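Asks: Turn these sequences into a full structure, and let the hints guide you.
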Amino acid sequence: MSVVVLPSQAARLFRVRWPIWGILATGLMLTTLQRVAPGAVADQVMADFGISGAVFGGLASLYFYIYALMQMPSGILADRIGARRIVTAGSLVGAVGSLVFAFAPNLLTAYLGRFLVGLGLSIIFVNVVRVQTEWFRGREFGSMSGALTCMGQVGALLGTAPLAMLATGIGWRSSFALIGFLGAAIALLSWVLVRNRPGDMGLPSIREVEILERGEAIKQDHPAAPQPPILSALRMVLGHKHVWPPFLCGFGFYGSFVTFAGVWGVSYFMHTYGLQRTQAAIYTLVTTLGMVIGSFSVGLLSDKIFHRRKLPFILFGMLYGVTWMTLSLWNGGRPPVILILPICLLLGFFCGGQILMIPIVKETTPRQIVGTAVGLANMGAIVGGAFLQPLFGWALDLRWNGLVREGARIYPLPSYQLAFFIGAVFVAIGILGTLLAKETYCRDIVG
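When you read off a place in the sequence shown, starting at 1, and then add 914, the result is the number in my numbering.
These are computed hints drawn from the structure, not numbers from a lab. Check before you lean on any hint, since a few could be wrong.
When the alpha-carbon atoms are kept at most 30 Å apart in a straight line, the in silico DSBU-like pairs for lysine-lysine are as follows [stated by the list, open to error]: (1) Lys1224 <-> Lys1155; (2) Lys1352 <-> Lys1218; (3) Lys1224 <-> Lys1352.
Because the structure is a prediction, the values reported are computed rather than measured.
Replies: Printed below as a string of structure tokens:
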């Protein structure tokens, strides 16, 4: 029996998917903004609560631990319940958490607020990817994954200097309250406008549209494979050999990137080049901007030019390694200052290649466990950062010469040399992941 797909139905599918994707991508943008936001208001928060840098670091890092722990559960929820309900609930919980943090009268309440922010927003990314598998063609998936990461990094950019300026004008509490209200708006829009799949709107599936575009007859679909029990799904994902190479890529590439651009980069430029904090922050901002450009570019290159995943994955990974080593080794870890901006831009640009881990996971895992598999791969990126950030700090302390300025440690160049070497080990792990990744030629190779 054949299924009739009208061109008007396909046209409507292509039209309505963009508002759906835009709402979800904006939710992801708020997720990454919340991830880095505490750093932009650190001095104000520490002054309000009368806490030390170590205590503030624990408050800020709580988000990361909750986020990492929730990745596989969020994938399971995405596969079983669907993105509409999950993103609505997650955005609402994150919004409440932001408001609790904004109006916290004491440190314990502030911890509760950040816990709720991490809990709610940790489930957004995997669910957006799950929706992309239902609304976009296979040959578009790399580009859309790049665009999604680009939106996420825009959130990271907004959570740095722009948020700091907003907090200077209206205070950190009002700033986080505003972010909370924006999150509530995303929750409302998700419930009203987002649909898990075209069939929820009476439209053909994207796979049926692709068959129509090829001029082939569409046969009646067999019933969808049932969702396996949760423990069976976990065993399937953990035992799937094509999921672990992307996990290694996220662990090595994003872990090293976020450690440099998000935590230690400003200190490196201040201590090594004698820059002021605002000057040093420009370099890490450029690094993040490079990630924005690179993420979008590698998706387009994969879909439109190479028509494959593994080749650009390896190419960008290798060049990221070369750029990391250039920063680490040139002139003993202190490249000429005139070249620092282009080096930072290239570092972020080539790290953007790591987003190809998402389409590779999607194209190599059975459809009914895609969300869980993406959750595992994405967990690698968060775990990488959680491991490397304290290791980087340990390396700095190991070669510290005792110099202190205004109560803060000043690390010499040998400290950063050792820390960058440890980061290079993580980068090498990421490159190994690209070499072990499965080539899919931009199409699903499993059902």
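Asks: Look at each hint and say if it fits the structure.
Replies: Outcome of the hint check:
1. Of the supplied pair hints, the one linking Lys1224 and Lys1155 holds, its CA atoms being roughly 15 Å apart against a limit of 30 Å.
2. This hinted pair checks out: Lys1352 and Lys1218 have alpha carbons roughly 19 Å apart, not beyond 30 Å.
3. A C-alpha spacing of about 7 Å is found between Lys1224 and Lys1352, which places the hinted pair at or below 30 Å, so the restraint holds.
When each numbered hint is compared with the structure, no violation occurs for any of them.
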